[in-house]
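Using the hints provided, position chains B and U relative to the given structure of chain Y.
Each chain is listed here by its residues.
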Amino acid sequence: MFYRESGQFSTSYRSDYRIFRLYQERWMFLLGLMFAFLVVPFIGNDYWFSAILIPYLVLSLAGLGLNLLTGYAGQLSLGSAAFMAIGAFATYNFHLRIEGLPFLFCFLLGGFTAALVGVFFGLPSLRIKGFYLLVSTLAAQFFVQWVLTNFSWFSNNNSSGVISAPPLLVFGYDFSSPAGRYLLTLTTVVVFAYLSKCVVRSELGRNWMAVRDMDTAAAVIGIPIAKTKLLAFACSSFILGIAGSLWAFTYLGTVEPHGFDLTRSFQILFIIIIGGMGSILGNFLGAAFIVLLPALLSNISASLLAGSIDTGQLENVQKIIFGSLIIFFLIKEPDGLAKIWQTFKQRARVWPLRF
Amino acid sequence: MNFFFEVLLGGLLAGLMYSLVAIGFVLIYKASGVFNFAQGSMVLFSALTFVSLLERGIAFWFAFGITLLIMLLLAWVIERFVLRKLVNRPPITLFMATLGLSYIIEGLAQLFWGAQVHGLELGINDEPFEFLGILLSQFDLFAAAVAGTLVLLLSLLFDKTRTGIALRAVADDQLAALAVGIKLQKLWFIVWAVAGFVGLVAGLLWGARLGVQFSLSLIVLKALPVLIIGGFTSVGGAIAGGLIIGASEKLAEVFIGPYIGGGIENWFPYALAMLFLLVRPAGIFGERAIERV
Amino acid sequence: MTGRNFLLNLEHISLSFKGVKAVTDISFGVRESEICALIGPNGAGKSSLLNIINGVYQPDKGSITFDGKTRQAMKPHHAAEQGIARTFQNIALFKGMSVLDNVLTGRNLKVKSNWIEQLFNLGRAPGDAVFQRKKAEEIIEFLSIQAWRNSIVGNLPYGLQKRVELARALAAEPTLLLLDEPMAGMNNDEKYEMSRFILDTQREFGTTIVLIEHDISVVMSLAQHVVVLDYGKKNRRRHTR
Chain Y
1 MFYRESGQFS TSYRSDYRIF RLYQERWMFL LGLMFAFLVV PFIGNDYWFS
51 AILIPYLVLS LAGLGLNLLT GYAGQLSLGS AAFMAIGAFA TYNFHLRIEG
101 LPFLFCFLLG GFTAALVGVF FGLPSLRIKG FYLLVSTLAA QFFVQWVLTN
151 FSWFSNNNSS GVISAPPLLV FGYDFSSPAG RYLLTLTTVV VFAYLSKCVV
201 RSELGRNWMA VRDMDTAAAV IGIPIAKTKL LAFACSSFIL GIAGSLWAFT
251 YLGTVEPHGF DLTRSFQILF IIIIGGMGSI LGNFLGAAFI VLLPALLSNI
301 SASLLAGSID TGQLENVQKI IFGSLIIFFL IKEPDGLAKI WQTFKQRARV
351 WPLRF
Chain B
1 MNFFFEVLLG GLLAGLMYSL VAIGFVLIYK ASGVFNFAQG SMVLFSALTF
51 VSLLERGIAF WFAFGITLLI MLLLAWVIER FVLRKLVNRP PITLFMATLG
101 LSYIIEGLAQ LFWGAQVHGL ELGINDEPFE FLGILLSQFD LFAAAVAGTL
151 VLLLSLLFDK TRTGIALRAV ADDQLAALAV GIKLQKLWFI VWAVAGFVGL
201 VAGLLWGARL GVQFSLSLIV LKALPVLIIG GFTSVGGAIA GGLIIGASEK
251 LAEVFIGPYI GGGIENWFPY ALAMLFLLVR PAGIFGERAI ERV
Chain U
1 MTGRNFLLNL EHISLSFKGV KAVTDISFGV RESEICALIG PNGAGKSSLL
51 NIINGVYQPD KGSITFDGKT RQAMKPHHAA EQGIARTFQN IALFKGMSVL
101 DNVLTGRNLK VKSNWIEQLF NLGRAPGDAV FQRKKAEEII EFLSIQAWRN
151 SIVGNLPYGL QKRVELARAL AAEPTLLLLD EPMAGMNNDE KYEMSRFILD
201 TQREFGTTIV LIEHDISVVM SLAQHVVVLD YGKKNRRRHT R
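Taken in order, these protein sequences are the chains called Y, B and U.
Our numbering numbers the first residue of the first sequence as 1 and each following residue consecutively.
Our numbering numbers the first residue of the second sequence as 1 and each following residue consecutively.
Our numbering numbers the first residue of the third sequence as 1 and each following residue consecutively.
Chain Y with its partners taken away, still in its complex shape:
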């Protein structure tokens, strides 16, 4: 009842494929995008950009990458952070070692490198199913971390193993300011979110879901299982690689293997569990949760409880809350926040009626 829907029917298959069926939704989305692109850079302060918005956007993108592999294609993975690391280090090395390569190129090449490695670690998925696949992705996680830490070539033989990020010059504009970095991240995330939406609605997306739901039947109806699974690893790792580069260059300002450890992989997995597996929107909702909850907790502790809980304990409380939330979601709404949002929209459409 909040807006009129009558008369808005699709009259062709083409129009039925639009992402937003109702023009009201399309307008709201467009307005939201315009606000994010045109208004926020001017009204936001540095803290918001650097500590909240940018990590939020990058984690959403990382969640998106993992969601393609685990949520859509059904291949469980705990190696997401490793692919992020590869993206970050590859981008850095391409920029460093090839003179004059534009940053954007290095960026994309970083993603491609991650994709290649992703395909390699995805090969076992052709023989191993479901839960055992965890082993392969964990192997990737540990192995990649070890390689990047032990072989100083990757960090340009820097004695501390920690490198500072190169300047972000795209098409001649310097994006190094907080607002600039925010815009760069936002653009990247929007572009890849759109492309991901296209993919999951296409034949490849359907093949992924078929492999997820019942791969023996998928093989019988002619879906090429190997190609489908490996493409899932490739696309997922590509996006994770991009996210990793963003994490290093627009958020941290440095590239170090430590931030891409198993804890990060878990964090990304939680994003998609809470946000909703098999959903594009869900990643944004889940990441919001993951990024905002710690901030909320410390604020509550500081104001309501007069800072009586120290940060160490706060972390433990956070862990307990996260763990409980995961279990809560798994019990009550296994399709995550995305499903809750959808249900809410459905109810809102016919409110105050029930159906």
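Keep in mind that a hint or two might mislead.
As the list claims (entries may be wrong) - 20 angstroms max Cα-Cα, derived SDA-like pairs, lysine to any residue:
id, chain 1, residue 1, chain 2, residue 2
1, Y, 227, U, 114
2, B, 186, B, 145
3, U, 95, Y, 216
4, U, 18, U, 62
5, B, 85, Y, 331
6, U, 134, Y, 10
7, U, 95, U, 18
8, U, 135, Y, 339
9, Y, 129, U, 56
10, Y, 339, U, 98
11, Y, 332, B, 95
12, Y, 227, Y, 262
These are calculated hints, taken from the structure and not from any lab test.
Just chains B and U, lined up with the frame of chain Y:
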């Protein structure tokens, strides 16, 4: 040559310690088809509780008993509030629930008992002991003995008792087990309690070795390759897998490690497990899943 | 209505699983556009035979001639490419996807654009997407499941799921359709409807159909050719009409 055997035996014995943790996994998997990621945090929790009780002046066996009771309580809570609500869901969902559980248990453990490292004395003399010219650790031998006893007890439990048969039935088909009158809830409680007990034993031994600290919960990551190699459903397999992983990890670290930079024990077991998976997807002793369309 | 040529010919097919003989020395042929029913008690090897025809099992002995080509073994993927489609005894649908998406997966071998074109929605992709949708809708209309096209399959009742599975098989425009107990668990009304759909398929598309069925009245009203299996051996074969 002696050095090789020393490393080998050291590795084998260390591997047995991995097996101890792996056995906890096998129990729960055998009885409910769930891979309990929280086993590691259960090990940590039980060890922390025990050590903290000891530090507050409670006698050894008392502390052991109280910790055991707490683990039983934990098992009951888990069954009542988590497992019961997730009956008949796909295994992935249950795995992720245990992931959540591991976070809760870890958080709780450190919330109550703090995050410092605690030393743990079990009263075992750790002087090296010579056998046929090779130096062995008494502690490791003790751990091996404990592991062996546990395996014996558990095998008896599973094969000879009615509870054991009921557990295997539940692992095979929950709905069918319910249909013949098996009380799922009671069984799950039993299994998680036994797993808690095994976790406690493992926690004590590991804690004595490494000190009781947060990284104990990361042992679960070593247990995974052990289970892959030995199979998820076999206690004997957990032993075999542990031995293989322990030995190869040590040997690789000592003999191959120096050539490629050291620190390979993190990923080497996983690489080994992957190889095994490609050749024998169900593990040495595991059961092949039959898929009928 | 049935052609004169044999679309499918099985010669001396035998298969055993670790000592248990599933199928022993089976030979029969199915003509073009014919409906052939496989009947027999449970465990007689009917499903195994179907699995052999579409490549899920490889026979120990014997050969299969399909559409002029003889082979002993085939991967299921190749069987699908050759134009063999099937449904399963325990529905093998993709439970997390909608009806429309399930039917569209049936068309995966007919898609003309590749994934890169689809990713950027360029080239052949937009037109192809519309074309596949059109074809899928034709099948959905044929089986009267329009009302559920956007419902998630896992939430649908059993009878409807069976129809969706048939739709997915038909979406592939198969020359040979293998149906494994399509009427299992249905009441008389539903059986009547499903029989009608099967007959319509034969009439409109000229599809050759091999089906496993327990209900003899259904078999008698549908099949031109009946093969009786018992303990993996062919007992009788009859041509009706």
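Among all the numbered hints in the text so far, which are the ones the structure does not match?
-> 2, 7, 8, 12
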